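K.L.:
Listed below are the residues making up each chain.
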Amino acid sequence: MAGSLHRSVEEGEAVKAGYCLKRLQLIEIFLMTAIYVGFSQIVNSAERHPDPDGCFSCHALEGLDYIDKHGVLRSASIDKKHYYSSLHGSVPCKDCHRKIRNYPHAVENVEVNCAESCHVEEPSEGEPYSHKYVVKEYESSVHGEGWSKGLTGGNRLKEANQAADPSCRYCHSNELYIGEAELPKFKASFDHLDSECGSCHQGEVWLGQFGGHILRRFIGSRWDKNDHNRMCNKCHADHQRMAEVELENAETREKEKAGPRFILASDSYATTLHGRLLETEVMQGASCIDCHAPTGFRHGVLRDENSKASTHADNLAETCAQSGCHGYATHPLNHRFVKTDIHDIDMIPAVNDIAPRDPSRLESSWIKALIALLPIVVVLGIGSLLWHFRGNKKRGVTYAVFGGDAFQEKMIGRKPKAKIKKHTSQNSVVEKQAADNEAHEN
Amino acid sequence: MKMIARIKAIPNGQKYRYTLIMASCTLFFSPFLFLPGLVDNPDLCGKVCIRRFYLFFPGITPADVASKMQVASIGVYILSMILITTFFFGRMWCGYICPVGGFPELISRTFSDRWKIEYRALPQVPIRYGYFSVYIALMPMLGISACTLCNFITIPRIFDALSGNPKGLAFALSAVGLVNLALLFLLGFFATKGRAYCQLLCPIGAIDGLVNRLGAKLRFTRRIRVERNRCTGCNICARSCMTGSIQMVGRVAVVDQLSCMSCHECVDVCDWGAIDWRSAPLDKDPKRKKKGIDFYPQPQWQAVYTAALRKGKR
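Chains V and B, in that order, are what the protein sequence lines are.
Under this note's numbering, the first residue of the first sequence carries the number 3, and numbering increases by one thereafter.
Under this note's numbering, the first residue of the second sequence carries the number -18, and numbering increases by one thereafter.
Pulled out of the complex, with its shape left as it was, chain B reads as follows (with noise of 0.2 angstroms):
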């Protein structure tokens, strides 16, 4: 009874986004492997792996990266359509639809926070951009392949292994298969929210934040934004926010569209309408004149904390 009545206070909007998660896990990993069925392949690497094809090695030549688009032909054709969604609707992927980061989410989000680790504190944007630079430079340099510390691996082969595939265990019990599976407890698992290893490690988050920082300037994009005016400072959305993308600033939130995935959460459970997911009215000018008298001010909807807000402009 307890449990149904958790699963009944999980907002709305919540339980589809965790039902497209599910679904998705259905489709893209064992035993049935639907969608990389669909182009014969038995997991989520070689032609539809989205995290290699823009390894970065020194003296590399236009010809090698076409070569490298190529055989991972499927990946690129993937990555831009998320990129392509992100400019729009910002990160709809990461939080919608990535079965690899969405079914640690659902794993940890099962049980209590109490002894998990919290990571959303940490300056999230340094360490996913230095990682990201060492992951897309450093490593292939090195001869450190990307594919060891992969959860897109890793993930796959766990259902893999639950399904029956001797592959998928034999993985699970390898050094680096154990190695990743102990990250994924600790970045994923017990981490609050578990969307940790998508906060610091995932590349292909790194890139999308990217392009949903700069579709974040535009008013036409739909994007998680702030009515300034409306925020009371309750910081319930900063504590529910799974990416840690919301920080109080002068008691009001302001969100990092770097990180932000756009899950709606903060949507859900702000009482006062204060945050939305929502292009910005084009027009600046307020509407709801009576005789001259601006009685109402038009909303004005922030998604990214400017220069000038930080100086109490508003």
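The shape of chain V in the complex, shown without the other chains (with noise of 0.2 angstroms):
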């Protein structure tokens, strides 16, 4: 009995026991359900819009993945966290998406116009903000010639790897256009918000979206030289794809493949006192666009031989004058400074694999200057290690093989050795005829 009753008391410690480690766990339990509601309070309060059409609600998952049409595993998933801090972080989605009506949707509606009028109003006009006279400018550049993907660019891996004019995401990426790494740039400009923009336009909401969403607007404005050449750079420096670029030929009007000035343009660029500046943060060099698109909306690269580009041999001295740069450029002395060559592809490897050997490059003048002076060298190179293992050393003090002489007769003002035997020859050749004569005479 005494060992059952006693059984029965230790059942039972075993029992509240386990009570206890319930409860314990229970107050886990609850403690992490309270820190994880608590955390993630504090990462929603960086939402910037409640996604009051719910797309997060499957797009924030994780491994969202379908295969498209070109048998792609594509992922759909969308990492909030990069959203909110991207330009349109303070749109809802629908806002742009505006072809998906129904849930769940086609793929094909998820395509974007960005030259549609968008939901930022205007306060001096009072219209929507729209991105068409952006695109018509950029349409009409260089980079927007035959373009027939739409706005959006198709299929992102068709685009990223082989087309040679990108589209407006290419360049306007979230890593590229807000990096993570950029956000800072943007903290100090939100400071001023409540006491300037917020005199009038008062109330969160405001403040919330359409203040930051117009500041970030302006991020282009507080990119550096050095951003914009890297965008640049995102192509330009990829000589293999540059290889790939067709450019018509001014003269005949045909296509044909990129020769190596286009595909040595960033190298060349590189080593000229611009690129070189920039390189070491010293903001006056010229970035790629500064000659390129200095005026509008920046977007409207022409190539050279088009009469209205700023690179255009009538408007290079404007273009160069341009922004306290080079103001003198446009006085007509200067006419030959203008065309310093910006994309010397004599500065660049004579001989390397990223381009095609291009038989034009040996017609350069400084090919021809290395053909003249080479065997120069060669003979002096030559003669020095013939000098040095064979020559004749004990002579007392030697002087050089080409202007020793000269130097002997004006700066110490002596006959050289060479010439006082040549004379003393000739004297005793004189003396030898003489006494000859004398001899005959006799």
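Since the hints were made in silico from the structure, they are not lab data.
This structure is a prediction, so every number in the text was calculated from the model and none was measured.
Among these hints, one or two may not hold up.
[What the hints assert, rightly or not] Cross-link-like lysine-lysine pairs, in silico, DSS-like; alpha carbons within 27 angstroms at most: (1) V/395 x V/370; (2) B/198 x V/412; (3) B/-17 x B/-4; (4) V/227 x B/148; (5) B/-17 x V/396; (6) V/395 x B/-4; (7) V/341 x B/198; (8) V/83 x V/138; (9) B/148 x V/370; (10) V/227 x B/198; (11) V/396 x B/-4.
Since each chain sits alone in its own frame, please combine them into the complex, following the hints.
P.N.:
This is the structure we're talking about:
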């Protein structure tokens, strides 16, 4: 009995202990939930709209993959943090993805037309803001030629790897346009919102959404010249990709593969003072678009042959003289200065694997100069080597092979040894002749 | 052993000078890049450049000049330091520090003068200032980039290439780089004493030479000066002068202050103490008098060969 009672007491304690454990677990779960809820509150506080269309209920899931019509595995997952930190982070999804009406939606309906008027109403005109002017300028540029993909660029993989002309998205991608590393740049811009914009535009909604959005639109102006160059170099420094580009020949109007000058444009720019200054963070150097698209929305890059191009021979002086760079470039006596070669292919290795071997490179005056100078270097080099091993060095002071005599005559003021010898030998010949003459006469 | 004997035969002053040049090659060039590294520059170009900000263009405004000086702000500072030093002490930068001029000199001095080109007898002053005016006014106007013929690009790139920097190798293999390399051989390694580029083409040297000449007239400045009474006309100074600034005129050494770099070699080789790097004593009157008789004349240290000297007056 006592044993069983004892056991029951033990069992009771065990059960008690079990309850305690369960209670502890409950408390733990409660605490975990509380921490999670608290944490998620902190995370959610970074969200800039409440996701009114409920898109994130699916798209925030990880591993939301599908196979597209090209048979490529695509990810439809959206990294919330990434999205909220992007330019359009304050814009609800359906503001742009307007074709999506039902759920689930067709893949094709995802496309967005950036040229459409958008949700931000410009206060001065009362009209919705539109990208169409930028798009118009861009479409007439060299990058917009033969463009048939629409603004969103269609297949992202195809766009990144194959296309010669980039879409809007290719340059204005989140990574480059608003990288997370760039975010601190904005933080300072937001600081004055309350005091300045906030004096008229009151209310959390404006400040949280539109104020931030408008400020973010000016990110381009906060880009420094190196940021611009990085954007251009994303394609133009890729030699293989540039070798694929076909350009229209100005004379024959036929499409031809780009030459070494085009393929190596990024490298030759890097050797110029413009490139070198920017490389060392001296912002007075000119970036790619400072010369190639200095006006308008800075999207209208044109080929040099185009008379509207900022780099056309007739417009170069104006381009160089802009924004306090080379103000004197418009002076008529400097008409050759503006033709200084900024993409000088002679600064790039004459033989390399990244560019086709173009025979025109051999016509360079530098190559001609080299052909003239090289034999002299070789002769002097061989002569020096021979002299080092076999030369007669026991003759006192050694004078140079070229110009040594002139040095002795002009600088030291004495006749060179060779001339003295010659002189004496000539004298002796004359004396001999005189002696012979005398002998004959006798 | 021969090598050691040859090194021992170098005058002490010159040994120090060579050591300084080697040290500045280490400080200025790859792989260490100590000094350009202080201002985050990978070479001697861009903000460190001391050769571009004074280029002249027709129609240039003071604002343009100011902006050019702002771009090369460190270069402006360096050049002013060089010129101030030159005014008081002679061309210390060119002779003792400049790694771009010093490196070819050191290489050239390591082998015999026999198979070299002697540029020292050329009329170097007209050539230098002729090229200088072309460099400063004509080349920019014609759109010839001043950088393409600059040895401040070439020599650092060679060091880059030797330290395994692909950028350096890429330049050395380009058409411009190869021509510059050939010029480095012809005007440096294969030039007697290796200073032909400094003598004939260097724009910094040209400005520095003008300042040197300007200060030489003054008695308190340190220059290479000749005591004409002591000169025996042995011409060893003229033969050893690396810039060809000493010419024997009437069997007396005469220094061309537009070209002299105050390298001191002439002083080291002169057995008679007839040439020295010094200021001229300010008092012209002889002091060494005994009982009113001038028994030993006060030395007259001449820096400039004046018209009066040419006429035979001393």
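K.L.:
Each hint needs a verdict: does it hold in this structure or not?
P.N.:
For each hint, the structure was consulted:
1. V/395 x V/370: Roughly 37 angstroms separates the two Cα atoms, so the pair is violated.
2. B/198 x V/412: 25 angstroms, holds
3. B/-17 x B/-4: At roughly 17 angstroms apart (the allowed maximum being 27 angstroms), residue -4 of chain B and residue -17 of chain B satisfy the hint.
4. V/227 x B/148: The hint holds at about 22 angstroms.
5. B/-17 x V/396: The given pair, whose Cα atoms are some 14 angstroms apart, holds under the 27 angstroms limit.
6. V/395 x B/-4: 23 angstroms, holds
7. V/341 x B/198: 44 angstroms, violated
8. V/83 x V/138: Distance ~32 angstroms between residue 83 of chain V and residue 138 of chain V Cα, so the pair is violated.
9. B/148 x V/370: Measuring from Cα to Cα gives roughly 24 angstroms; hence the hint holds.
10. V/227 x B/198: Roughly 50 angstroms separates the two Cα atoms, so the pair is violated.
11. V/396 x B/-4: Answer holds: residue 396 of chain V to residue -4 of chain B is near 25 angstroms, not above 27 angstroms.
Hint compliance for this structure: hints 1, 7, 8 and 10 are broken, all remaining hints hold.
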